[in-house]
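Colleague: Going down the list, the sequences are from chains A and B. Letter 425 of the first sequence, counting from 1, is numbered 425 in the numbering used here, and no numbers are missing. Letter 130 of the second sequence, counting from 1, is numbered 130 in the numbering used here, and no numbers are missing.
Check before you lean on any hint, since a few could be wrong.
As the list claims (entries may be wrong) - Using 16 Å as the maximum straight-line C-alpha spacing, the simulated EDC-like pairs for lysine to aspartate or glutamate come out as follows:
id : chain 1 : residue 1 : chain 2 : residue 2
1  : A       : K227      : A       : E246
2  : A       : K179      : A       : E156
3  : B       : K76       : B       : D93
4  : A       : K394      : B       : D16
5  : A       : K206      : A       : E246
6  : A       : K244      : A       : D172
7  : A       : K180      : A       : E165
8  : B       : K8        : B       : D105
9  : A       : K376      : B       : D114
10 : A       : K244      : A       : E259
11 : A       : K394      : B       : E121
12 : A       : K446      : B       : D105
The hints are simulated quantities; they were obtained by calculation from the structure and are not laboratory data. Quick caveat, the model's predicted, so the values are computed rather than measured.
Here are the chains, one letter per residue:
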Amino acid sequence: MKTKIDQSSHNNLNVADMDDEQINIRKYFKQLRMRLIIGLLAGFMLPHIVLSAYFHFQFTSTLKKSGKLNLAALSESQRNTIDLFLQERVVNLFSLFRGNDFSTAPSKRDVANYLQSLRQVSDAFIDVGFLGPDGIQIGYAGPFSFLQGKNYSNEEWFKALLNHEKEYYISDIYLGFRKKPHFTIATMQMIDDKTYVMRSTLDPDKFYMFLRTISHGKDVESSLINKGGLYQIVDPDRGVLLGKCEYIPPDKDKTGVHEIIEKGDPVLIAHTWLKETDWALLIRQPLSIAHAQMYHARRVMVITLTIILLLLSALILFTTIKLIGRAQDTAEKKQLLRYQLIHASKLASVGELATGVAHEINNPLAIIISTSGVIKDMLNPEFNMDSSPENILKEVDIIESSVFRVKSITSQLLSLGRKDEGSFVPCNVNNILNDIIGGLKEREFKVADIELILKYDPDLPEISLDPDKIRQVFLNIINNAGDAILGPGSITIITKSDNENIYITIKDSGKGMSVDQMKQIFNPFYTTKEVGKGTGLGLSVSLGIVESMGGVINVQSLKEAGSAFTVSLPILKKRGVENG
Amino acid sequence: MGNIKSKKLTVLLVDDEDRFREALSRQLSVRGFNVLSAANGEDAVKMVHNNAIDVTILDQKMPGMGGTQTFNEIKKIDPLIEIIMLTGQATVDDALEIMKQGAFDYIMKPMTIDELLFKIEDAYTRKVLMEKKNQKK
């Protein structure tokens, strides 16, 4: 019953060990998964983000330049059209002036005909007038008949015309005698050495309509200002004629595009100066429209990049989780298998041990039963033996000492099979070796004519070990050494140490191994023993245990001469535990 | 014990366990056997040379010359000596193997004196039969 309880607690310790290791495996793979995901995401995403940012910057810069160039080109195109319009109006007036005889003042009817012919060409013409050398309008046709006979000699446009290097002049918008915004195109001609002037006024509203026509479909707003910054032509929503424009273009630039803020909104504004008059054409375009293509491209790029990054992230997450999951599964299975192997090997070791133990226990039991038989014979009058209490007591003493001999064997057996601290504790390897060979193995080897030679280093440092597991390693190697010796022989156990390791060498004078055998001895289920005598798990499991303690097993062997197994265990392990 | 009691049988007891050997010798002696005992194979072979042994009780596992070797040596000297193997091991493979070579029987430790007496009686009966058979030849 006690054995069963011990076995159960022993199994519980193993399960606890395995659970701890499983928690460690899971912790390790959790960290690995995180590191891998972060690393892969960073590795894949960063170049994408950096490249995207670079291309976005380049793309934005190019599109901004392109937006400005487009607006500048549009402003120049519109300026040429406006200049052409004005030139055509000048030519219309010139043709009229040069094509008719003005040696005498034209009649009212003639002037009316002139106006009609002008309006046939352009409805922007309001009226037409003919001025004599003194600046008095001697002929007029148009809606403002009171202008007939008006003296224009002091008007700005009249003075400018006379001083102008060209034979025509286009005025700014002004109110004049009619008190309504308009502008004048005036031409002059020398007749009989006297300067006569033909003038016509144009309707700014019609000019505005013309401007709107040429801007139609361009998503821009065009206006004209004079040098003083007063609107000459303007959208009613923007300002009023002769009102002050907030933006004054630089004089020196023939054409230019600037980004300004108007009423809180960024606006791209292009300016260009007309050739025919000192007016500047201003073309406004809100940045949202100017850069619409860029904004659209940016939106598409951000959406595309986001989708790519999300897909990439999902792929990385999915692949990593699946791969790590598989690796974790494999590691857990491997760990389970290792525990099963250790357990199987332990059972095998105990089984091998049991054969020897049975012999050792049955011998004292045989003494007990024979001696108790002697006592019975003493008490049987038929045999006439000396049955004095002293004699019986002697026999009882023999029985008692045999019982203690059995007890000592079972204690040693339990020390091999039961102790399972499941954790690292400071150990003296010399003592562990003594536990194994003391009693059980010593007697077994004595019977088998195997001499045990112990060469222990008395100053061997204690190191941190799992005593149950290391006991299993030494038991496996010592069992193998005993099995390798056929007939009389010897097993030498040597312990020594240097600054880094302790070394335990178990050397036998047995049959030794070939090179091929040596290559395979650590493979699971490989055995050189007879069928049924070995499981082939001992050395494989022992190597796993020693490696888990940071150690190694070295083997030297010569066929027919013997083998030596040296287990090296690091001393550092102890320091680590103590410090930790 | 019929046949056994009509002649004082000589039994050689070979075992390295002194106390076991001594106790068993005493039990056999009081039951009328002439008991010789040896602590190892070498001594047993010498005794077979010097004495007329009827039955040998031989321990399987002994230091020095083991049970199997001792068995062979005894049989070389006198093939008619019946040998009962003693084994303390749970498995009896070695004992069965040696029976194939001519041992009379095996008995597992620990055993009672009565179990042993039955085996000795049977062994001696066979010895007598074998001797008669040889005389006829």
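Colleague: Determine for every hint whether it applies to the structure shown.
Modeller: Results for each hint:
1. K227/A to E246/A: Status holds; Cα separation ~13 Å.
2. K179/A to E156/A: The hint holds at about 15 Å.
3. K76/B to D93/B: 23 Å, violated
4. K394/A to D16/B: Judged against 16 Å, a Cα distance of about 21 Å means the pair is violated.
5. K206/A to E246/A: Given that 16 Å is the threshold and the Cα spacing comes to 24 Å, the pair is violated.
6. K244/A to D172/A: 14 Å, holds
7. K180/A to E165/A: Given that 16 Å is the threshold and the Cα spacing comes to 28 Å, the pair is violated.
8. K8/B to D105/B: 21 Å, violated
9. K376/A to D114/B: With Cα atoms ~12 Å apart, K376/A and D114/B stay inside 16 Å; holds.
10. K244/A to E259/A: It is violated: about 20 Å lies between the C-alpha atoms, which goes past 16 Å.
11. K394/A to E121/B: 30 Å, violated
12. K446/A to D105/B: 26 Å, violated
Checked against the numbered hints given earlier, the structure breaks hints 3, 4, 5, 7, 8, 10, 11 and 12 and satisfies all the rest.
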